[in-house]
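For the protein sequence lines, the chains are Y and H, in the order given.
Our numbering applies: residue 1 is where the first sequence begins, and numbers increase by one.
Our numbering applies: residue 1 is where the second sequence begins, and numbers increase by one.
Treat the hints as calculated values from the structure; they're not laboratory data.
Just so we're clear, the structure is a prediction, and the values are computed from it rather than from any experiment.
Where hints are given, some of them may not hold.
Since the list can't tell identical chains apart, any single copy or any two copies may satisfy a pair.
The list that follows gives simulated cross-link-like pairs (lysine to any residue, SDA-like), each with its CA atoms no further than 20 Å apart [what the hints assert, rightly or not]:
| # | residue 1 | residue 2 |
| --- | --- | --- |
| 1 | 30 | 204 |
| 2 | 199 | 166 |
| 3 | 199 | 238 |
| 4 | 30 | 212 |
| 5 | 199 | 122 |
| 6 | 80 | 214 |
| 7 | 210 | 243 |
| 8 | 210 | 73 |
| 9 | 210 | 236 |
| 10 | 199 | 242 |
| 11 | 199 | 240 |
| 12 | 30 | 206 |
| 13 | 210 | 242 |
| 14 | 210 | 191 |
| 15 | 210 | 232 |
| 16 | 199 | 241 |
| 17 | 210 | 123 |
| 18 | 199 | 164 |
| 19 | 80 | 68 |
| 20 | 210 | 240 |
| 21 | 199 | 169 |
Below are the chains, spelled out letter by letter.
Number of protein chains: 2
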Amino acid sequence: MTYCLGMFLDDGLVMASDSRTNAGVDQIAKVRKMANFVNPGERVITVLSAGNLGTTQSVVTLLRQSLRSDVEGHDLFAAKTMFDAARIVGGKLREVLQHDGEHVRLHGDPNASFLVGGQITGESHRLFQIYSAGNFVEASARAQLLQIGETKYGKPILDRAVVDETTLDAAAKLALISFDATIRSNLSVEGPIDLIRYKADSFVADNVCKYRRDDPYWVDLRTRYSEGLMQVINSIPNPPDAGMM
Amino acid sequence: MTYCLGMFLDDGLVMASDSRTNAGVDQIAKVRKMANFVNPGERVITVLSAGNLGTTQSVVTLLRQSLRSDVEGHDLFAAKTMFDAARIVGGKLREVLQHDGEHVRLHGDPNASFLVGGQITGESHRLFQIYSAGNFVEASARAQLLQIGETKYGKPILDRAVVDETTLDAAAKLALISFDATIRSNLSVEGPIDLIRYKADSFVADNVCKYRRDDPYWVDLRTRYSEGLMQVINSIPNPPDAGMM
Chain Y
1 MTYCLGMFLD
11 DGLVMASDSR
21 TNAGVDQIAK
31 VRKMANFVNP
41 GERVITVLSA
51 GNLGTTQSVV
61 TLLRQSLRSD
71 VEGHDLFAAK
81 TMFDAARIVG
91 GKLREVLQHD
101 GEHVRLHGDP
111 NASFLVGGQI
121 TGESHRLFQI
131 YSAGNFVEAS
141 ARAQLLQIGE
151 TKYGKPILDR
161 AVVDETTLDA
171 AAKLALISFD
181 ATIRSNLSVE
191 GPIDLIRYKA
201 DSFVADNVCK
211 YRRDDPYWVD
221 LRTRYSEGLM
231 QVINSIPNPP
241 DAGMM
Chain H
1 MTYCLGMFLD
11 DGLVMASDSR
21 TNAGVDQIAK
31 VRKMANFVNP
41 GERVITVLSA
51 GNLGTTQSVV
61 TLLRQSLRSD
71 VEGHDLFAAK
81 TMFDAARIVG
91 GKLREVLQHD
101 GEHVRLHGDP
111 NASFLVGGQI
121 TGESHRLFQI
131 YSAGNFVEAS
141 ARAQLLQIGE
151 TKYGKPILDR
161 AVVDETTLDA
171 AAKLALISFD
181 ATIRSNLSVE
191 GPIDLIRYKA
201 DSFVADNVCK
211 YRRDDPYWVD
221 LRTRYSEGLM
231 QVINSIPNPP
241 DAGMM
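So that you can see chain Y by itself, here it is in the shape it has in the complex (with noise of 0.2 Å):
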């Protein structure tokens, strides 16, 4: 399993990953899932995975080849939109099934899926979810967290705390308490953990940060949103007992 957010905010894009991939509970190892495309000054596009790691791994290999070429649909670097660089992404993920998927599918499921997110000069910041199919969602101002994998342990939080004028730093910690969320209940999502900062029409990707486990600042966050959370839910009164209702 993996779990990769994307949030969509007035201020830029918060993206993060784990790095737990396993095949069983006896084969595990731990790869990054977050690939940056940088050229500094004109575009920022960031690509996370999940799903089959040959799938994904392959997808994003084809990503670099095509890099520079020049090739129209091919090329990150050539694409005049983020549109555009989320239709390479997804083509690139069916050109991956095309050649692989018969044979995986005798093994396992061989489907991955995306989030990409970034700014190409010219237009705003944007957010997109590629599905297994190649097509793809895009982020807006009413739906501004993307998630793919385990999904569902770190959501409540964001749910709760997301709003389109959350500040790329506060953004930066609930997705850090949403990653913990879904590490304490899933034993296939694991630090460290990838975060890039994106601030809009910076056009560079200059704060990306690992999060081990034992990280300083992760621990003290862990800590103090725990402690934090019992001392509210200690205030709050006890439910009145029936016959009092």
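Fit chain H to the given chain Y structure using the hints.
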């Protein structure tokens, strides 16, 4: 969908269920998914249902019809232990699936699952989860939480806060927060919530509450929880930028 929750605590049991039943998004209704089988002073058995409504209603009806028949393996009031009671529920489920399963499968999933908790004089309070196969597992001090239906959204808050020593009142509070998180994230879970606090060795079911979404206590709890949570989040320092790590 459905969300049912059982909490096995030193002080007793807290069990709760939502009321949404649906076949598609345009055919929805409310049903009570909690059934209490009580012989005051002697036994309290609470059954929570998830899954195919035809199946669960048949199971609960058959359980009611067999009450006081004194037929071993059928009459919940004749069960000597909660283990026997769980077996009876599993047996009725198999009976219904035997009777209807093949016919229902042409149209949809006939399966169902149950939480069965309570106490019979002569032993401690106990809590079980009955699978669709009619077999079951029991909660313990190391595994206090049993959930059926849409379980994931409401789990993180419980994982953080519930311990053996959690009081029944505190557990009821946490259950309501857990249901609120689930309702916010999944349309197919909805109030009213039925909630029982069973105090160990009381052998009465006198603390059963129903919470509509506009119940004053539940509204107050949701408001205090959301506001308190936001204060906690705001009080945590922001993550340092990449350059500062």
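Outcome of the hint check:
| no. | hint | in the structure |
| --- | --- | --- |
| 1 | 30 to 204 | neither (26 Å within a copy, 52 Å between copies) |
| 2 | 199 to 166 | within (12 Å within a copy, 44 Å between copies) |
| 3 | 199 to 238 | between (43 Å within a copy, 15 Å between copies) |
| 4 | 30 to 212 | within (12 Å within a copy, 45 Å between copies) |
| 5 | 199 to 122 | within (15 Å within a copy, 65 Å between copies) |
| 6 | 80 to 214 | neither (41 Å within a copy, 50 Å between copies) |
| 7 | 210 to 243 | between (53 Å within a copy, 12 Å between copies) |
| 8 | 210 to 73 | neither (31 Å within a copy, 57 Å between copies) |
| 9 | 210 to 236 | between (36 Å within a copy, 19 Å between copies) |
| 10 | 199 to 242 | between (52 Å within a copy, 13 Å between copies) |
| 11 | 199 to 240 | between (48 Å within a copy, 15 Å between copies) |
| 12 | 30 to 206 | neither (23 Å within a copy, 52 Å between copies) |
| 13 | 210 to 242 | between (49 Å within a copy, 9 Å between copies) |
| 14 | 210 to 191 | within (9 Å within a copy, 41 Å between copies) |
| 15 | 210 to 232 | neither (30 Å within a copy, 24 Å between copies) |
| 16 | 199 to 241 | between (51 Å within a copy, 12 Å between copies) |
| 17 | 210 to 123 | neither (28 Å within a copy, 52 Å between copies) |
| 18 | 199 to 164 | within (14 Å within a copy, 45 Å between copies) |
| 19 | 80 to 68 | within (13 Å within a copy, 75 Å between copies) |
| 20 | 210 to 240 | between (46 Å within a copy, 11 Å between copies) |
| 21 | 199 to 169 | within (10 Å within a copy, 45 Å between copies) |
Hints 1, 6, 8, 12, 15 and 17 from the earlier list are contradicted by this structure; the remaining hints agree with it.
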